[in-house]
Structures are given as C-alpha cells and as structure tokens.
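J.: Each chain, written out:
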Amino acid sequence: MSNKKLHDLTTQVRRDILRMVHKVNSGHPGGSLGCAEFLVVLYTNIMNRKEGFDMNGIDEDLFFLSNGHISPVFYSVLAHSGYFPVEELNTFRLLDSRLQGHPTTHEGLPGVRIASGSLGQGLSVALGAAESKKLNNDNNLIYTLHGDGELQEGQNWEAIMYASAKNIDNLIATIDLNGKQIDGATDDVLPMGSIKGKFEAFDWIVIEVENGNDIDSIIEGMEIAKTATGKGKPVCVLLKTMMGNGVDFMMHTHAWHGKAPNDDQLEIALNQNPETLGDY
Amino acid sequence: MKTYRYTEKKDTRSGFGAGLAELGRTNPNVVALCADLIGSLKMNQFIDENPERFFQIGIAEANMMGIAAGLTIGGKIPFTGTFANFSTGRVYDQIRQSIAYSNKNVKICASHAGLTLGEDGATHQILEDIGLMKMLPGMVVINTCDYNQTKAATIAIADYEGPVYLRFGRPAVPVFMPEDQVFEIGKAIQLQEGSDVTIVATGHLVWEALEAAKGLNEKGISAEVINIHTIKPLDDKAILESVAKTGCIVTAEEHNFLGGLGESVARVLALNDPTPQEFVATDDTFGESGTPAQLMDKYGLNSTAIIDKALKVIGRK
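If you read the protein sequences in the order shown, they are chains D and F.
Following our numbering, the numbering of the first sequence begins with 80 at its first residue and continues without gaps.
Following our numbering, the numbering of the second sequence begins with 23 at its first residue and continues without gaps.
Just so you know, these hints were derived from the structure itself, not from any lab.
What you are looking at is a predicted structure, and each value in this text was computed from that prediction instead of being measured.
Any given hint might turn out to be false.
Chain D side only, calculated, beta carbon under 8 Å to chain F, not exhaustive [as the list claims (entries may be wrong)]: (1) Met126; (2) Ile193; (3) Ser203; (4) Leu206; (5) Ala208; (6) Glu210; (7) Ser211; (8) Lys212; (9) Asn216; (10) Glu237; (11) Tyr241; (12) Leu349.
Beyond 12 Å from chain F on every Cβ pair, some chain D residues (computed) [unchecked claim]: (13) Arg128; (14) Val165; (15) Thr184; (16) Gly187; (17) Gly207; (18) Asp217; (19) Asn235; (20) Ala238; (21) Met240; (22) Ala264; (23) Glu287; (24) Lys310; (25) Asp327; (26) Gln344.
Backbone N, C-alpha and C fix where the C-beta goes; we use that ideal spot for every residue, glycine too.
Take these sequences, add in the hints, and give me the full structure.
T.: And the structure:
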C-alpha cells in the first residue's frame, strides 16, 4: 500500500477509535491511538495474510494482541482489513456485540484467535502458536503486541526465557514503549530499567524503532525484524510511541488511558483528523 | 451382589502415562507439555517415542497453559502435565482467559490430587481443584478411579473437542475396572445395584465405596454404588434414577465438601427430587503430612466413613 494510502487509513482508524469510545463513553483511546500506525502497517504491509479467517491460520502470518484493552484500534484495523464489516464498529461494547470490551473468540469475531485483557498472557499463547507452526512445517511468522506496563506481569518473563531457550525464531514480539500506564508514568509506577537490556540479557534479538508513530520508520523496523527471524533467536521490536498520538490534548499524558472524550472533546479530536476513507 | 476383585495395585498417574503413550502412537495431533515433573506424571514413554511432540516448559506453569492454548491454533491437541495444585490454583486466570473463555482444545492433566499425595503436605495437596475447574464455563471435569479408567479417559478426551480437566493421583490403588472399557464422558457407571442407599463416588473413593457396600451388606443393607468419573457434565439421570429407588444418598470424594461432587449432586436433587444426602469429603480444611492411608483415615475419606454416613442418611429417610 502506498504511503498516502497508509496515512489515510491511519487517520480513518483514529477517527474510528475516537467515535467508538465516545459512543459508549468507555474504552481505551490513549494506547489505541498510539498504536494506530503500527497496526495499520502490520496488517497492510508486513503480514502475509490469507483471504477470510480460520482459527488454525495455516500458511499465513498470525497476530496476537496481548494488551487487549487497546481493542478499539485492533477492531478498526481488522474491519478495514476485511475480517468483518466496518459498520460493525458501531456495536463496540454494546450488549450482544461481537466487539466486546476486550477482544475474545467467544462471540466468534473473525480475526481474533485468543481472548486478551487480563495482562501478560499473550506471549505464551504466541509461543504455542509458533511451536504449532514449526510442527506443521509452516514457515510463516507470529507477530505480537504488548504494552510496556504489561511487562510488569511475571508470566511475560517465563515466556521470554522460554522463547530464547527453545529457539523460537519465527516470532516477532513488539513492545509498545509509550512509558505510561493507568496510574501514571511507568517510571513512577514501577521503574523497569532498561527493557532493551533485559531482552538482550534473555538472548533476544532487539530492534529499536525510535519513532513508532512514523509509518516509514515502522516499515523499516519491521522489515529488519523479518530478516532477523529464522536465526535461532526470538526477535523483539521496541516501538517508541506517543500515547494519544494524533489528538493534541491526549498526548503527553496518561489521562486518556481508559477515558472517553465528551461531545466537545470528540469534535476537537475529529477536527484534528479529517475524514479520509469515510466514517462508518 | 457383584464381587470386585483386584490382582494388583497401580497408580492412576501411570494410567495417564499409558494412555498418553497410546495417543502418541495413534493421534499425530496430540502433543504433551510438562512443567518439570515428567517422572511424577509418567510421561516418559510418550516423550521417548515422540520427542518432537513434547515440550519441556520448565517450572513455569502459567507459561505452560498459555503455550498449550497457542498450540491448539494450528490443530494440535495439547495435554499439559503437572500436579493438580499447579494445574489449577496456580494458573487459574491463564486457564480462565486463554483456555476456557477462548474455548481452546486443551487437556489439563493433573496428578497428585488430594490428600493421597501424602508426605509433602498441604502446600501440594489441593482439595479445591474440582470446585475451581467446574466453575469455569465449558470446562469438562473428570476424576478417575483406577489405572484402567484413567488410561481409558486419557484416550477418550483426545476425541472430545474442548477444554478438559482430568484429575488423578499418586498412590497405588486397586485396579478393578475392566481394561477394555469404553470411557464415555458424562456417563456414570453403576457398579453395584442396591435398594437402601445410593453411594455416588469419584476418584480414589470409588474402591472405598465398593468396600463400604460389602460392609453394609453384612449388616443387611443393600447399597447401590455409582462410579461417577465425570463431575461436569454430571449424569443427573443416573443419580435421580438411583435415589428414586433408594431414597437417600452418600457422596464420596477426595475434595473439600465446598465446591465438590457432593454439592453438584445436591443441586440436582434440590431441583428435581429433594433427598437426604450425607457428604464424605474434607470439612473445609487444608491437609497435612502423613501417609496416604493415615490421611484418608484422619480426614474421614475411606470405607469406614462411607458406612457411617450411609447408616446416618438411612436414618434420615
């Protein structure tokens, strides 16, 4: 997809995120906005995806969202990637919807392979899927996304240790380094020191993307990550992003982690992101 | 009255190991995971024969449950192996979100359940696992009684699509169920026909229930014994048909009375046919160190306790 189209799609995804959380006055816009460019690039330019959806995902790349609270961006990108009608975004968090507050397979939403929301579980699941691909002689890749605050969950470190010990080299785990979590800056809540140093100490290949909200930087970083696979080691992308990116008053603060804009705030936010592909 | 004899005692975990080994030969999608307890779970034969389908996770049960969930994506049928305590309480949220809520085809195989783990004491003797697992929507819960039944159940659950909790144990216990049995999930097995009292037992208590029936028979009391290997889904029909004849029931399990088989049976009776019931189960307590026999005696989980409760419940009719 051309750069212009990627930008247009990202802007539309931002509008979707804002409108989804505004409608139900709940959800997590901050982290969603911060990862809009990444997920758009991943689904349109990076992943090898088949038409349609089947749970086993044989002969295609798979993605697992571990920090399930950024479901708005996930749902919007899945819809724009053809997994379900874009109009269904209108049902986000409503009774009887397939678009639950946090992603789940329970209602059969195409594009979702595991429930997430209770944090720290996604990497383990991805490792299982990676092992399954190896058993099936399927050379496609497993992609994951995790929050940086989420790394405070201990299960991650069990999985990080396993991945290198067992040479899981068909997996690219991306960490959304926005430096924020619900209660404030990660450095204030529980400083984690050098995340890069930690992954390297666990013998992962680490690739840093300094501007994780820049489409070209993401493409470049993910292409490098792809070439790093198949070498006996797991690959980690440290993606530095801005929580709330694209909406000036949602940036540089953790306040919009789990808060929806009111009517006036929505109007301001949407004006900063003019309609590109058409609202649902 | 039927006579049950046994020629040998074997541990139910070895039945699991034998069943898993057979699955390794017959079902190429079956994979096994273990968290540093291969010997205790008797998984060696499967591993020797299928090293590429075995995953040693290390002492990291949460990671094991997640990896098992992920392995199903791509069509594998993962069997996880560790102690019952580490298969449930330690990893409850991983099972809840990544396996049960996500409806993944994972078989959680749990050894050393209950007091009969013995000398290691209460840190390892879980008496709450049936309750934890049966409360998860969609989770099948099975507690087998001897080597043959555990082997048959292990093989049967591979053909069932969905999450299963299979509970078995450490000590050598009488082998009395037939070797060639067909294991049917959710289908109770009547072992003795009787008219005065129904004894519904699961796991290691099934043999004790048969012994109790013999003892009751000597007192002129006719006890019906039901081997209820599947706690969820419960065979309501078998229970209701039996109490329609006997008018009272004793449930027996190596588990806390809170959350166990007995409570599931009580619900069926309360809804359909209120019936006097007595519980052979632990009394909301942790276990302790001791030999399996000493512990089962101290905590009232043997044939003597079943006879006492049977006499009591008959008196309440």
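J.: Hint by hint, which ones does the structure fall short of?
T.: Violated hints: 1, 9, 12, 15, 16, 17, 18, 19, 20, 21; rest satisfied.
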